[in-house]
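S.K.: The residues making up each chain are set out below.
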Amino acid sequence: SQTIHQWPATLVQPVGSPLSLECTVEGTSNPNLYWYRQAAGRGLQLLFYSVGIGQISSEVPQNLSASRPQDRQFILSSKKLLLSDSGFYLCAWSVVGSPLHFGNGTRLTVT
Amino acid sequence: GESVGLHLPTLSVQEGDNSIINCAYSNSASDYFIWYKQESGKGPQFIIDIRSNMDKRQGQRVTVLLNKTVKHLSLQIAATQPGDSAVYFCAENGVRGYSTLTFGKGTMLLVSP
Chain A
365 SQTIHQWPAT
375 LVQPVGSPLS
385 LECTVEGTSN
395 PNLYWYRQAA
405 GRGLQLLFYS
415 VGIGQISSEV
425 PQNLSASRPQ
435 DRQFILSSKK
445 LLLSDSGFYL
455 CAWSVVGSPL
465 HFGNGTRLTV
475 T
Chain B
15 GESVGLHLPT
25 LSVQEGDNSI
35 INCAYSNSAS
45 DYFIWYKQES
55 GKGPQFIIDI
65 RSNMDKRQGQ
75 RVTVLLNKTV
85 KHLSLQIAAT
95 QPGDSAVYFC
105 AENGVRGYST
115 LTFGKGTMLL
125 VSP
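Those protein sequences? They're chains A and B, same order as listed. In this text, residue positions in the first sequence follow our numbering: the first is 365, and each later residue adds one. In this text, residue positions in the second sequence follow our numbering: the first is 15, and each later residue adds one.
No lab work stands behind these hints, which were simulated from the structure alone. No experiment lies behind these values; they were computed from the predicted model shown. We treat Cβ as the ideally placed atom computed from N, Cα and C, and that holds for glycine. Mixed in with the good hints, there may be bad ones.
One side only, chain A facing chain B, incomplete, derived with CB under 7 Å [to be verified]:
hint: 1; residue: R406
hint: 2; residue: L408
hint: 3; residue: P425
hint: 4; residue: L446
hint: 5; residue: F466
hint: 6; residue: G467
hint: 7; residue: N468
hint: 8; residue: G469
Looking at chain A on its own, in the form it has when it is part of the complex:
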């Protein structure tokens, strides 16, 4: 069966520090991978998605970037965090004809 791992679960970082969140998927090949952000009490906003290694689509202009160095690895990064980057970050995967499957998220607090 397929599983998705996301870490860390929580993170507190000062403004201006770098960020790296990692997501890996097991049990499937060539999945579509996604990063979503969820602000408190709000819906999910798509940040990036990838249909293959090295292929990244950015949905909104922002202080973040994404990379996909391996087929089942998706990384969310920032060189310098802003207060507004605080939120709940969710990684997800899908294959053709399947719904999105989410990880358990990373709670990021920028202080």
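The hints should help you fit chain B onto chain A, whose structure is shown.
M.R.: Showing chain B alone in chain A's frame:
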């Protein structure tokens, strides 16, 4: 612009009651809809989906109804349990196909024992 929204931000029910969570969508090109359940501190969990060639689909204790005429989606939960307490999101695939989804803002379901 196109959007997916929910009528009620919070729904409170008694254990054993049936719950109905509603969702309105405005993108007539959407042909795939999903309901997710999100418990506190966790990622959304897939509940049930429906394609536009159907108007009803049933799962275990859950039923999704799709009314394309009025662009309305609902999730019915039978015999609601305290463990059903969570935020429920509807999502649509919009014009971009199955690769991306647009989510509504969510409805909080509170189940009292």
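S.K.: Taking each numbered hint in turn, which are not upheld by the structure, reported in ascending numerical order?
M.R.: 3, 4
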